[in-house]
Amino acid sequence: MSKIGLYLCKCGPNIAEVIDLDSIVQSISQDKTVAGVQIHNLLCSEDGKKFLAESIKKNEFERIVIAACSPKQHEATFMQVLSSAGLNPYMMQLVNIREQCAWVTPDKNAATAKALTCIRAAINRVKYHALLEKKEIECDPGVIIIGGSITGLETALRTAQHDRKVYLVEETTLGGRIKNMRVLLPLMASAREILQAKIDAVRNNKHIEILENCTIDDILGFFGNFVAHVHAQDKKEHELKAGAVVLALDAQQFTPTGLSSFGYGQIENVFTAAEFEALSSDKVVTKSGKPADSVAIIHCVGRKQLGYCSKICCANSMKIARDIVSRSSGTKVIQFYKDLCLPDKSYDRFYEETQSKGIQFIRYNEIEIEQKDGHVAVKVNSPGDEGIKITVDMIILSTGITPPSRAAEFARMFNVPIDEYGFLKQEHTILEPVSTITEGVFICGGMYGPGDITDSLAQAGAVAGKILSSLVPGKLLELEAKTSTVSETMCMGCGACVDICAYGAVKLDQNKNISVVNEVLCRGCGNCASVCPSGAAGHRHFTTRQIAQEMIQILK
Amino acid sequence: MTTEKNKKILVIGAGLAGIEASLLLAKAGRQVYLVEKESYFGGAAIKSEEVTPNMECATCMLAPKQSDILENKNIKLLTLSEVIDVNGEAGDFTVRIKKRARYVSIENCIGCGACFEPCPVSTPNEFEEELSKRKAIYVACAGALPNAPVIDMENCLRSKGEDCKLCKEACMFDAISYEDKDEEMTVNVGAVIIATGYKLGDIGQFPQYGYDKKSNIYSAFEFERLRASNGPTSGTIQMRDGQKPKSIGLVHCVGRDEKKYCSQVCCMYLTKFAHYAFEQLENIKVYQFYRELTIPGKGSQKFSHEVKAKGVEMLRIKSLVISPNGSDPPVKIEYQNEKSEKKAIDLDMVILAPFIEPYPDTDRLARLLQIELDDFGFIKTAPYDSVATSRPGIFAIGCIQSPMSMSDTTIQAHIAAGQALASTEG
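For the protein sequence lines, the chains are A and B, in the order given.
Start counting the first sequence at -15; every next residue gets the next number (the numbering used here).
Start counting the second sequence at 1153; every next residue gets the next number (the numbering used here).
Bound conformation, chain A alone (with noise of 0.2 Å):
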């Protein structure tokens, strides 16, 4: 039997005032299996973690059992001094007798009783401990990058650092939906040029290696060794191996098909705005060819049924607007709007200046768009003014942002979930936001959600960072210790644990079916061994064992 040694802590008089440690030092010297106690005035001072590392030493215990504060304070403290003293640092248990006892315990018996109770607990736990050890493994610092928007640029020109390998897999060509746009915002700088230079940046690259009309049909793996498998139009295949996966694709526009009042589809010359960016030409026309004089732009169209707002529309209106009047200075553009969303410092100040470039801004409740004599009439609602009515040679329609096409397909592949509106869902909306549920795999732009160009390429530096802080060449993943486990003789093969596994670390083994733990994927949460009805899957530091011995010495 292996000897255990248990020590309290007295925290100064936090734990010493409330509980009689003496009376648990005689209560647990009748323990034949502790082998010794000992009491300490601050645990966790330099001068106590001395002495908690030679004591262990000199006793030679081999199991410890603390009794102190919560483990969220000093639990990380305790497995080092255990380290130094020559111990696996999970040969020890910590009892919270502080904030669970001393804390919120005040009649001193009744603290003291329940802190033995305990004490007695873990050293019960802490006899079936096993030997943990944190495993590394070596990892490929490249970047598998799908998607060749101006995000998937970005990314592809942000990692592509030193010893690291970036592939950029494209479906078709580099560029994605900023190719159809004259002008970017916040700046009205041309589009054209800031695409063609980060093109250019990315096709100069030494690091990056481009696969343009290349389609991924599958990527196996885990974080820090992925392997993806990819077939050009010519049919090449290609293997691709790296640590991270980046999906990059561009979001889409809301098609307004079939919302009958804005006349999508049924009257001419009315266009989405994007449909109008891509016009290719320069002067400002109608479909037969005719100048457009007067042009209204409706916010907020698909708004209701994407149930949010796409933050971008409201200043992509103006920008359209303001690009048709430097194009026709003529042309009188109004502008129909609901709520002005301009969430960036400088847009306040593009509103006004757009004003005053003579574009007119109205509020609608409702509107209602229909043909008149080969112009377009707009009916509108207003507050303050029921029955508005404005025809207009073209009506541009500023439609919301949707997810990419094929974002569904990628969650399924890479075990994310997708979000109610269909966007990859992130592992954290705010603390981490451009990573998935899945370790080493990451999202930006029309995959995280709506966002214009500033927003895109924040979110590509983002996962960058994420990427050259977590994967560093030559350096070894550190592995979690406490993972779960599955007993291949005990697995039925249900698969309750593969369905509950939030990080996508249990997979059905289709040979032997039975579950296997993907050691690299699993954080130890624990979710797998609670929901298994056969009892083959376990938790390493909370084995079935440990907890029944614990629970058994609680209830005596």
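Don't read these hints as lab results, they were simulated from the structure.
Think of the CB as a built atom: it goes at the ideal place given N, C-alpha and C, for glycine as much as any other residue.
Be aware that one or more of the hints could be misleading.
[Said to hold, decoys possible] Reference excerpt, derived from the structure (chain A facing chain B, CB under 8 Å, subset only):
no., residue
1, 0
2, 332
3, 333
Since chain A is already given, all that's left is putting chain B on it; use the hints.
Positioned in the frame of chain A, the structure of chain B alone reads:
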């Protein structure tokens, strides 16, 4: 000849942005100096009880990140510290840091708080927006990290010639030392990340809002602290007389016209305030006085609709004047609606959403670092390279460069970590 670039990084400001950037850099094996002006770290984020759109507990979200910072061997957190001089260039900066005395040893202190009680001083608590008092030896709020108090020597009786030793006598760990002195240190780094954050603009400069810190007209952070479970009322929303309000007015866009920019996050946090009110106060009436509802992105509209469905009256206005009423209900709002009709309403409590402005003293920092500011006083960054300042090797992230959401702040922290790594390779 190529000179070796210094691989250490300096991060100024330990709020969400600075914490995130530091953790990524440390993960890559880099040494980080994380400089924080206050005695605690976590920034403005830890002032909020919950954050939109998923109403997660902000302090719970930050706490594991904060312990990561404290435990990480690659990160040296310097609290009560400020950068006072910067020399050199990208890849090789020499930075002088002034570290003010805490008078409490972080190593010895266990954070038990035994020193607070005997302190005879009572002074307004700045962290609590002066809604409560603190002692001269204090922590900003319960749960503040590092878990050790600081002595505010300006208010301590010792600075007034008295030989008070009450806190030292109460300390059982010999953690207090009145002899501590301010220190200066010099560090060499290859890149600098500025993450000093924001503050809410001064409402006092706009008399139409009637903000006097006496009546029931509150600024956003005051209300946030009223709802905070570790705040002055332990999370109970109440008026200055301790009564619960029956009606609340939420006023958007305070200072937007004058400052000429949208602060981006106020519509959402005011929606959150309405949610707080419905959660806690039965039969509460909530009015929002707004102009343009700015709730971009996934999830925001859904949250806004859910809260609105509980009965918020949305009043789109052209202008308004707020004044203490002297009667019951105590605050009057006179406003002009969208149709230019003049209206008025009396309310128990009014909460103002002021414009977000750069953290004070940003111009001094900009001069030290020789970087440019924009027209609004934020640190200027490149249009399509959003964290690059006007000087190579220096990056600005989070609300010091523009008002932005917490997720955008994290995104910028990630970018800066990547760029700082890339710029100091080789």
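Structure versus earlier hints - violations, ascending order: Failing hint: just 1.
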